[in-house]
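Trainee: Residues per chain are reported as follows:
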Amino acid sequence: MPVTDGREILSILLDFKGERIREYCGRRIGEGADPHDIFGELSAGLEEIGRGFEGAGTTRYFTSDLIVSGRNMKRALAILRPHFSPGGEKSFSPGGEKSFPRSGRGKGLVVLGTVKGDVHDIGKMIFAVTLESNGFSCIDLGVDVDREVFADAVARHRPDILSLSALLTSTLPAMREVLEELERRGLRQQVKVIVGGHPVTGEFAREIGADAWGRDAVDGLKKCLSFTGAGP
Amino acid sequence: MKIGILWAGPFGEQMINHISLAGFGDRIVAVYELTPEKVPGGARPGEIWEDPTAFLPLDLPEARCDLLLVLGVQGALGVLVPEIARSWRARAVIFAIDDRGMAPDARRSIGEDLAESRIHAEFPEPFCILSGSRNDLVRAFAEQFGRPAFRATVDPATRRITAITVLRDTPCGTASAAAAKLQGLPCEPDTILRRCYEEHHNEEAEHCCLAEMDPLYPVMQEAGDLLKDAFFSSAGLPTTKDLMLRTLATAGGEMAVDELKARVVSPQVQWEGPVKGCTTGRTVDLYLAELAEEGKVEIAGGRVRLRKDSST
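Respectively, the protein sequence lines represent chains A and B. Take 1 as the starting number for the first sequence in this note's numbering and just add one per residue. Take 1 as the starting number for the second sequence in this note's numbering and just add one per residue.
Here chain A stands alone, though its shape is the one from the complex:
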């Protein structure tokens, strides 16, 4: 059970200096809390900030809130990762943001990135950690990624899944361009493509020819498991 209420979590995530997130994670770990639960609490907070940024939440959030909360989530992950138990469904793999291919593909290899024109990291980061914690290997291309870079990564790493993220409505066309680039280079049939992010809808995913839409990290995980035959 969470011991910290939602408002407190939001306040911790929005702390500019990042001292409170370190204190919070350290304290919860010290109290014996499951690091996955701590991660879940923080992820819920991030999603609330994301909704507020899109104008759908109870509070209006700015770009600065997204950046700082994302920065704090990375600080939290740095503290939490060593406490994730190795192996098993609930484990988190070592490695981190912008890491690169670790040995083995686990349940599947996923290449992730935020599309061109969009430098938001949070949703992608949560998804990557969720995938890794469930046995996938991830290659994170980062943010503001060119369509050519996505296609190059597909050609080079031959991933099972390509995950495209966007937070800005205005950068949705860049998702379509990535799929067009894959088609143009004859790579489309060798990889499943999943799209996600606050402005993305299932209808949009179908319209641009993606294989799936991840409503959130958990939904995206289910889709990825089904792609690789590892799902229920």
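Just so you know, these hints were derived from the structure itself, not from any lab. No experiment lies behind these values; they were computed from the predicted model shown. Watch out, some of these pointers could steer you wrong.
As the list claims (entries may be wrong) - Some chain B residues well away from chain A (every beta-carbon gap over 10 Å; in silico): (1) Pro57; (2) Gly101; (3) Ser176; (4) Gly184; (5) Asp190; (6) Gly295.
Claimed, not checked - Interface residues of chain A toward chain B, partial, derived using beta-carbon atoms under 10 Å: (7) Phe16; (8) Val68; (9) Val119; (10) Thr171; (11) Glu203; (12) Ala205; (13) Glu207.
Here a beta-carbon is modelled for each residue, glycine too, at the ideal position from N, C-alpha and C.
Given the coordinates of chain A, assemble chain B onto it according to the supplied hints.
Mentor: What follows is chain B alone, placed relative to chain A:
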């Protein structure tokens, strides 16, 4: 000069931290976090407009300042600013807008309301565009913080940057942070461009730009352009303005504004290859307005023309 600050969120915190540590700490006499939760009764915007005085936060401290800074406050609460400015006896207000959500719903009305109380108001968008003012208080602040400005020393033999003095820092501190990273680097465009944008856009850095970056409202990109051009100018490298004037001259002295933008704007930061001046059309609009004010160009009917008596 006594400074009062209304703030909210990480944006406000970042600005306060930097302004305080960069030499203005002893001038700050009041700091109040203004958030919707502080407004009595959870008023809707329409209700606030009817009588702002009824919605002033109950825990608003008593203070007396000369200059009031509004940093990161939600635009819908902007209507409270005139009342607070009057309460704190401010004579000038700087209402920073680095995000559409920070833009007050009725900027003009707020400005007029303040003007009726003989309070000068400015709404820099983004904050780091501030470079001067006809108001003494705003000008004094803008001498220290606002549009970045540097003095660079380049070794003529090695063409390396040997020293950079920050003449005016950005309110967030990116300018001084980036300057520190540029010292010792080769004075050539690609290197400076890369280091500049890397520092400015680096979300991991304490002083990174936190402004909105949506392509539909690219103020972060504009802020990055201003930083890059300030460095280029100080190092004697061609700035976006130089490129705009040169582009106009080679096109016979006149062209459509949109065409000029197509030639000098690259939405992607380019480290190498054909020279592009800046990353957003907002920057071109700003520079065109400045060039027009400087008497170097004329703008009419969506076209820009070099003035015959101007020197490029």
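Trainee: The structure should be examined with respect to each hint, and the outcome stated for every one.
Mentor: Verification of the supplied hints:
1. No beta-carbon of chain A comes within 10 Å of the beta-carbon of Pro57 (chain B); the shortest separation is about 16 Å.
2. In this structure Gly101 (chain B) is not separated from chain A by more than 10 Å, as the shortest Cβ-Cβ distance comes to only about 5 Å.
3. No Cβ of chain A approaches the Cβ of Ser176 (chain B) within 10 Å, the least distance being about 18 Å, so the stated non-interface status holds.
4. For Gly184 (chain B), the requirement that its beta carbon stay farther than 10 Å from each beta carbon of chain A is met, with the minimum near 26 Å.
5. Every CB of chain A lies more than 10 Å from the CB of Asp190 (chain B), the least distance being 18 Å, so the non-interface label holds.
6. Against chain A, the non-interface label of Gly295 (chain B) holds: every CB pair exceeds 10 Å, the least being about 36 Å.
7. Hint status for Phe16 (chain A) relative to chain B: holds, with the closest Cβ pair at about 4 Å, below 10 Å.
8. At its closest, the beta carbon of Val68 (chain A) sits 4 Å from a beta carbon of chain B; the interface hint therefore holds under the 10 Å criterion.
9. Look at Val119 (chain A): its Cβ gets to within about 6 Å of chain B, closer than 10 Å, so that hint holds up.
10. Checking Thr171 (chain A) against chain B by beta carbon gives a least distance of about 7 Å; that is within 10 Å, so the hint holds.
11. Of the supplied interface hints, the one on Glu203 (chain A) is violated, with its beta-carbon coming no nearer than about 22 Å to a beta-carbon of chain B, more than 10 Å.
12. Taking 10 Å as the C-beta cut-off, the interface hint given for Ala205 (chain A) is violated, the closest approach to chain B being about 21 Å.
13. With its C-beta approaching chain B no nearer than about 20 Å, Glu207 (chain A) sits outside the 10 Å limit, and its interface hint is violated.
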